[in-house]
Amino acid sequence: MHQPTGAARAAGKTRRALLALFAAGALPLTLAGGAAADAPAVVRVGVVPGPDVEILEQVRKVAAGRGLKVELIQFSDYVIPNQALANGEIEANAFQHQPYLQAQIARTGWKLVKAGETITSPMALYSTRHKSLDAIPAGGSIAIPNDPTNGGRALRLLADHGLFRLKDGETVAATVRDISDNPKKLKIIELDAAQIARSLPDVDAAAINSNYAVEAGLDPVKGSLAREDVNGPWVNIIAARADDAGKPWVRALVGAYQSDEIRQFILARYKGVYIPAW
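Heads up, the sequence shown is in the working numbering, so the first residue is 228 and it goes up one at a time.
These are calculated hints, taken from the structure and not from any lab test.
Fair warning: there could be bad hints in the mix.
Per label pair, the in silico range of CB-to-CB distance [unchecked claim]: (1) Ala-268 to Asn-409: 51 to 57 Å; (2) Ser-303 to Gln-491: 26 to 32 Å; (3) Pro-428 to Gln-491: 33 to 39 Å; (4) Arg-478 to Arg-404: 40 to 46 Å; (5) Gly-444 to Lys-394: 34 to 40 Å; (6) Ile-502 to Gln-301: 22 to 28 Å.
All C-beta atoms in this analysis are idealised placements derived from N, C-alpha and C, irrespective of residue type, glycine included.
Turn these sequences into a full structure, and let the hints guide you.
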């Protein structure tokens, strides 16, 4: 029987060490044949302006270190990213919460699913005219998003802080018609979510999504009149096509976002404006 040479013994040790690392998940997915096995050459991820872009840029770097190439595709509003995903123009998007996605699916029939959770981004109420909710005058105007889910979200925020009441049972699907008691006769003005921050000089207050608020230089934590409960249903997500759900590259993308590096970045950079949801 031949005794193994020094080189053969070393090779055997190397193979055993690699197997141990694969089993422990310590090597990148591409080395183990995971993310690269069926991943597109470039995973295009749709985002909207604001901190989502900054966070996803960090995710892109983490993903690259794990062998997954990610490109960010920016859209100007909340409507197009899901359409682009359904049409195959991008592979995933990361800008919306689950109720918004479900409303879009119900309306269009797009076969899109949640791939993973990202951040909680509470909506808040802002004003350049008033320092408190009580200062909003009778007959005052309040701008809210004009899409069904974020509009309902804004109405719930206003109702929760006592500006008016909604019909019993109305939550995420509330519309202006569901206002049941409006003692100050407040006027609700529905605008595109991306444009509301610009309307602040023209209204008494405005309910603004955090990404657009931060982009406009507003501070959701210290500069708002009222803010949502962070434990609401509005957790942001990564969405993908249903046919891709569960594929290794999708799991790799979610894993890059839900990494400790990204958690620490969000906590340090945004100081409570955005909160990791995993």
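Each hint tested on the structure:
{"no.": "1", "hint": "Ala-268 to Asn-409: 51 to 57 Å", "result": "holds (55 Å)"}
{"no.": "2", "hint": "Ser-303 to Gln-491: 26 to 32 Å", "result": "holds (30 Å)"}
{"no.": "3", "hint": "Pro-428 to Gln-491: 33 to 39 Å", "result": "holds (37 Å)"}
{"no.": "4", "hint": "Arg-478 to Arg-404: 40 to 46 Å", "result": "holds (42 Å)"}
{"no.": "5", "hint": "Gly-444 to Lys-394: 34 to 40 Å", "result": "holds (36 Å)"}
{"no.": "6", "hint": "Ile-502 to Gln-301: 22 to 28 Å", "result": "holds (23 Å)"}
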